Amino acid sequence: MMANLFSIFEPSSSIFNFSLNWISTLLGLMFIPYLYWASPSRWSLCWSEIIFTLHKEFKALLTPYSLGSTLFFVGLFSMILYNNFLGLLPYVFTSSSHMAMTLALSLPLWVTLMLSGWINHTQHMFAHLVPQGTPSILMPFMVLIETISNIIRPGTLAVRLAANMIAGHLLLTLLGNTGPSMSSSIILSMLIFSQILLLTLESAVAIIQSYVFAVLSTLYTGEIN
Amino acid sequence: MFRLSKALAVSSVGIKKVVTERTILSLNVCLCATVQEVRPLVLVRPTSTSAVQRAEQRDEANFPRPVRPVEPGKVRLGFVPEEWFQFLYPKTGVTGPYVLGLGLTTFLCSKEIYVMEHEYYTGISILLMVVYAVKKFGPVIGQTLDKKIEDIEQSWRDYREGSIIQVKESMEKEKEAQLSAKGQDMLFDAKRENVALQLEAAYRERLARVHSEVKKRLDYQLEVANVKTRLQQKHMVDWIVKNVKGSITPAQEAATLKQCMADLKALAPKA
Numbered sequence: 001m002m003a004n005l006f007s008i009f010e011p012s013s014s015i016f017n018f019s020l021n022w023i024s025t026l027l028g029l030m031f032i033p034y035l036y037w038a039s040p041s042r043w044s045l046c047w048s049e050i051i052f053t054l055h056k057e058f059k060a061l062l063t064p065y066s067l068g069s070t071l072f073f074v075g076l077f078s079m080i081l082y083n084n085f086l087g088l089l090p091y092v093f094t095s096s097s098h099m100a101m102t103l104a105l106s107l108p109l110w111v112t113l114m115l116s117g118w119i120n121h122t123q124h125m126f127a128h129l130v131p132q133g134t135p136s137i138l139m140p141f142m143v144l145i146e147t148i149s150n151i152i153r154p155g156t157l158a159v160r161l162a163a164n165m166i167a168g169h170l171l172l173t174l175l176g177n178t179g180p181s182m183s184s185s186i187i188l189s190m191l192i193f194s195q196i197l198l199l200t201l202e203s204a205v206a207i208i209q210s211y212v213f214a215v216l217s218t219l220y221t222g223e224i225n
Numbered sequence: 226m227f228r229l230s231k232a233l234a235v236s237s238v239g240i241k242k243v244v245t246e247r248t249i250l251s252l253n254v255c256l257c258a259t260v261q262e263v264r265p266l267v268l269v270r271p272t273s274t275s276a277v278q279r280a281e282q283r284d285e286a287n288f289p290r291p292v293r294p295v296e297p298g299k300v301r302l303g304f305v306p307e308e309w310f311q312f313l314y315p316k317t318g319v320t321g322p323y324v325l326g327l328g329l330t331t332f333l334c335s336k337e338i339y340v341m342e343h344e345y346y347t348g349i350s351i352l353l354m355v356v357y358a359v360k361k362f363g364p365v366i367g368q369t370l371d372k373k374i375e376d377i378e379q380s381w382r383d384y385r386e387g388s389i390i391q392v393k394e395s396m397e398k399e400k401e402a403q404l405s406a407k408g409q410d411m412l413f414d415a416k417r418e419n420v421a422l423q424l425e426a427a428y429r430e431r432l433a434r435v436h437s438e439v440k441k442r443l444d445y446q447l448e449v450a451n452v453k454t455r456l457q458q459k460h461m462v463d464w465i466v467k468n469v470k471g472s473i474t475p476a477q478e479a480a481t482l483k484q485c486m487a488d489l490k491a492l493a494p495k496a
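Line by line, the protein sequences are chains A and B. Going by the numbering used here, the first residue of the first sequence is number 1, and it counts up by one from there. Going by the numbering used here, the first residue of the second sequence is number 226, and it counts up by one from there.
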């Protein structure tokens, strides 16, 4: 029973005040294929193709100094992907729709990058505050603008992901809530049809948002060198 | 990834390593048998030193090696295992599990133990989407993936067969090299003979030269002796003639001339 519209997002299964819903974050581990046999199965091959494509993508964005971090970003991508995607299934808690999780991902990442960048490559970071090709008059404003954009980065990363997930789920819930009180089956089939469309969109958004998160993190990493 | 598994086949048994680019995730797999779908492959840590012993001592009866199944498990309606149907067959017959499912769902829904709220409609939509996607795209995707798997396994087989062919070719080449080495022996003999012939020829030439030189010297000496004798003889003859001529007195000369005239007159009538 829904107290308000946003109660679908509350982690409500708890034992001794300890929320169990957050375990759905680890649900993706069930779906990653284990490579016991040398010869791949269909899903193993599929998954390894996906992450190898991502690895090539990220390799192009990173400098030669930090190539090993494609592992981290591919892992980040797959975690967010599974969280987003499995959250679409009924009765699965979407942990990436909570700022707690998305901020927990983006804030440490950003703080690490800033600290390592400003301590180790101070001049480089200062140089980045003024983009190439700025007219001299605009430079002070550019510095301000770039500083602000730098500072809000963890916020944007986190909020982008959370807001997209919340929006999608909200729409689905709103559509689904009219189901029980449906009288004629024609409108019911229209409802199912629109839900199907929405789900297609949401799946795409899930994948895209995880990709965007990972790519932006990669770009921010590449920037500090 | 699976070229990778070949890439990291650094085992203590000593199988060749093929280095490829795919190294994101690490995997310790060692190919210890030919790749066929039902043969098991052994997971071996490269750091262990007694891997082969461990494999030999394995109790095969109580701990059989896992065999890789070729087909996925049989299911009915896409997700219910066939084994459950077989389990219920002796007691409830063919329709038993279906009746069980239908009855259970009806019970849950009618007693509102399972409430059909917004998640339910989402679930129906997802079910329809998934069934459609599997029916429409399933075979195509399955075939492409199967083809890729077949390519990977074929590359392993090709590598193995290629190595065999290479080794055989090198065996052939080795035999040829041995034959040509034998041929080298004959070559040496021929060369040795050649050199001996040359030495003989040189020796003979020198012998002939020595002979001719010695002959020249001897001829010279002979000529010198001949000339000396001739000169001596000439000198002697001249001396004798001179002396004889000098010893002829004029009275002897006139008496000899008279005698010759008388002989000629005595001979003239006979002619």
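Certain hints may be false.
Stated by the list, open to error - Example chain B residues on the side facing chain A (calculated, C-beta under 7 Å, incomplete):
no.	residue
1	Arg293
2	Glu296
3	His343
4	Thr347
5	Gly348
6	Thr481
7	Cys485
8	Met486
Keep in mind that the hints were calculated from the coordinates and are not lab data. None of the values given here were measured: they were computed from a predicted structure. All residues carry an ideal CB built from backbone N, CA and C; glycine is no exception.
Here's how the hints hold up against the structure:
Below 7 Å, beta-carbon pairs count as interface contacts, and B:Arg293 has one with chain A at about 5 Å; its hint therefore holds. Interface restraint check: B:Glu296 against chain A, minimum CB-CB distance 11 Å, threshold 7 Å, status violated. For B:His343, the interface hint holds, since its Cβ comes within 7 Å of a Cβ in chain A; the closest pair sits about 3 Å apart. Because the closest C-beta pair between B:Thr347 and chain A is about 5 Å apart, less than 7 Å, the hint holds.
A distance limit of 7 Å between C-beta atoms decides the matter here; for B:Gly348 the minimum to chain A is near 4 Å, and the interface restraint holds. Checking B:Thr481 against chain A by beta carbon gives a least distance of about 142 Å; that is not within 7 Å, so the hint is violated. A distance limit of 7 Å between C-beta atoms decides the matter here; for B:Cys485 the minimum to chain A is near 143 Å, and the interface restraint is violated. The closest approach between the C-beta of B:Met486 and any C-beta of chain A is roughly 147 Å, which is over the 7 Å cut-off, so the hint fails.
Hint check: violations occur at hints 2, 6, 7 and 8; the rest are consistent with the structure.
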